[in-house]
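Trainee: One letter stands for each residue in the lines below.
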Amino acid sequence: MRAALILATKDLKIELRSKEVVSSMFLFSLLIVIAFRFAFAEAVDSGALSLEDLAASSLWICFSFATIVGMHTSFAKEKDRETLEGLMLCPVDRSALFLGKALSNLVLVFIVDLLSILFFGLFFAFDYDGHAVEVVGVALVGTVTLVLVGTLVAAISVNARAREVLLPILLIPLIAFSVIIPCVTATRNAIAGELTESVRDIVSIAGFALIFGAVGYLSFDYVLEG
Amino acid sequence: MIEARGVSKHFGRRKVLSWLDIRVGDGEIVALMGPNGAGKTTLLRILATLLEPSSGQVIIGGGDAREDPIRTRRLVGVVGHSTYTYDDLTALENLRFFWSMNSMPRRDFQRAGIEMLRRVGLSHRMNDRASVFSRGMRQRLAIARALIHSPKVLLLDEPFSSLDQKGVDILTQILMEERSRGCSVLIVTHDVQRIAALADRADILQGGRIARSFDSSAIRRGDLDAGYRASSEAGVA
Amino acid sequence: MRTERVGKYLIAVSAILVLLTTYLAIFYVPLPATSVRSANDILSSLDGNSITVVGFIVDLKVTPPPGLDASERINFTLADFSDYQRYRGAISDGVLEEGWWTVRPLDVLAFTGGWTGPYLGGILSNGTNVSVTGVVTAGAVGPNSAATGFHIGVSGSRNVDIGTSAAEFSIMTAPVAQKIFYFHMPSAWICYLAFFVTLLSSVFYLKTRNPKYDRWAFSAAELGVLFATLAILTGPIWAKQEWGVYWRWQDTKLTTTFVLWLVYIGYLMLRASMQEPGARARVAAVYGIVGFVTVPMSLLSSRIAPLLRSGHPQVIATSSGGLSPESGLTVGIAVVAFTVLFITMLIKRVEVAESEEELEELKREVGGEA
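Protein chains in written order, with the working numbering: chain A, 1 to 226; chain B, 227 to 463; chain C, 464 to 833.
Hints are computed from structural coordinates only; laboratory data are not their basis.
One thing to keep in mind: the hints can contain errors.
Okay, derived cross-link-like pairs now, DSS-like style, lysine-lysine, Cα gap no bigger than 27 angstroms in a straight line [what the hints assert, rightly or not]: (1) Lys642/C / Lys241/B; (2) Lys241/B / Lys675/C; (3) Lys241/B / Lys471/C.
A few chain C positions that, by computed beta-carbon distances, are all more than 10 angstroms from chain B [as the list claims (entries may be wrong)]: (4) Leu482; (5) Leu483; (6) Leu663; (7) Tyr676; (8) Thr692; (9) Arg711; (10) Ile810.
For glycine and all other residues, C-beta sits at the position ideal for the given N, C-alpha and C.
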């Protein structure tokens, strides 16, 4: 899929210059980490809430909301600057546009994932019990699913009025069981060094990546038209 | 070659085009004129595969546009209402992106891209980002973008609108070159004077179909001017 | 004209069927007599893997162990012994003495803090408080725990296990609250059916571009949301009686159905925020297809419940008994009634959608857009 790569390269090059998306996504996710720190200050200090649980849940809330911010920009920018039609005039399959967008979104969201994991560790003086690599691995797998369904839903909502509100409304129910719950479990297990316990979760996340990817790939023709 | 046979388009019950036939041969420049809301842009979007007709057939370069939209898009260059270019990329990078998206061979780009920017008079600004360009320069970049993959069919929607005199001369020159290359050109415009020097034919779109047609001699005689004025007034009434 | 007459018949038939269901649920399905079963007997009937509805405890007979101070307050749990700490708050005043105790509805405390094991708890009160319903007896044991027995504790510093042999239960297998089941289950089934109609119509719309299918997809989704709302509202009425709480997040059936409801609310909002009919139909169809992934998740969630730590009663009872013939018949008629009602409403809704579209067109024409 050469066209998908070219499109993703173009998006990333623009992002490298403007840094609009990554910076807003990262700022957003930083704010969530800080909000969690304040909200659960007492619970964490008193030991009622373990840092492991807080890390697993707040990180995935960060990732999900950062994705919503990123996905939204990805199509809204093309739409608002009237370049979406230019893309549609290119002699490539619409599914290549889907893959290209998903690819550039994946890179951007994953960068934000890494930064969030890093900053969570710094803010809470938390070293993930030495399992940071596994946590990053789970983040990557979950982000793939997140980005595939996110890209599709962002393209669906880009033509609607009030699309900023609509995108989370359409996306969160879809990712609740497919991404957030299994990813939080897997991340908690990863921190505890028991990632093998979460094979079922990982398989289910990957399964949803396949389902959402296939639906997006096949239906993008209809999403981007006219 | 562009050919539309019996093309109709309706949005809900509102009919925009009904049983429209139009034909632009190889090496021919046709001006498409008509009152506001007559469906000129709709027709252009249908020919460019951005919109599906409700019924009828569109043939671009000898093949059915709906059956193989990808082949059609490769043959078509479009200058639309917006430039379709990216502000954060330089002029050359913009062309490179569309060059690659049209699966043109990568190693040939450097020469072809610079040559294209020279034709539209932007070669001295090729490494500047499009965000610093004036409206007219962006329009010239849009023309370069539309032509970068050597299309056989050119569809232009009000291409003169933001061009200064020099830009208009450049575009006129390019269109004549493309015509001699065998390219079919369809221009939507209101500018009777400008098109008079250029067009081989002018079609007036009214009531959802081509109501009148003027050949080049009629255009030069000034019939077009009067006819177009009449149709505009009818359209208003 | 002809479809109008068919519509009238359908409305009449569905009205009669729904009334019939109501009548049967109230008057025909009997409340079974209570039976007395020992705690040991109940425990041995559980298979230890799935949740089994044994019945409601109406009364509990306890034999206090020797050496108890007669004035001590008591609580009672029937649970995995290791979980009993969770129920310690469920204490009421009373003097533990031998004889039958009336069980009050289960206290909410039993459900705090995740998986509660085979939950069966209640507050004992001594005779005077005669609220009937107790708790559904659940014998499900997650993979991580095993049913160890009933426990009756004494509050204060010490908790004394009086063991299973000291308890005997008076059980009612289908109390009044159960009757809402005849509306709850068909509503849930209809919402799945409706969303399936949306899925099919969406696929057909994308294939044919016939606006007819778009109207079907939209109408079915709207009705699906309506019936899902009914299911989500009737469920807690029952749950409050059986579980003591309106909502349990541990029950995957509840949560997946709620998510399903949110998905199709989103579908309706997406449609409402798009104006151009063609684009709206196209984009909504794609979302109607993507959103359907939540339907099997919800539909299957109680089948794979033990794995997912659910507690939702299954329609087809797994071990103990199943439905009585009367209630089986009523369920059957209820499902038919709701299906006919749904078909009727769907046909009518599609007709309304047609008129709405026409109105939209006329408005646009009057609005003077050329």
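Trainee: Taking the hints in turn, state whether each one holds.
Mentor: Outcome of the hint check:
no. : hint                : in the structure
1   : Lys642/C / Lys241/B : violated (56 angstroms)
2   : Lys241/B / Lys675/C : holds (19 angstroms)
3   : Lys241/B / Lys471/C : violated (36 angstroms)
4   : Leu482              : holds (41 angstroms)
5   : Leu483              : holds (43 angstroms)
6   : Leu663              : holds (23 angstroms)
7   : Tyr676              : holds (16 angstroms)
8   : Thr692              : holds (31 angstroms)
9   : Arg711              : holds (48 angstroms)
10  : Ile810              : holds (23 angstroms)
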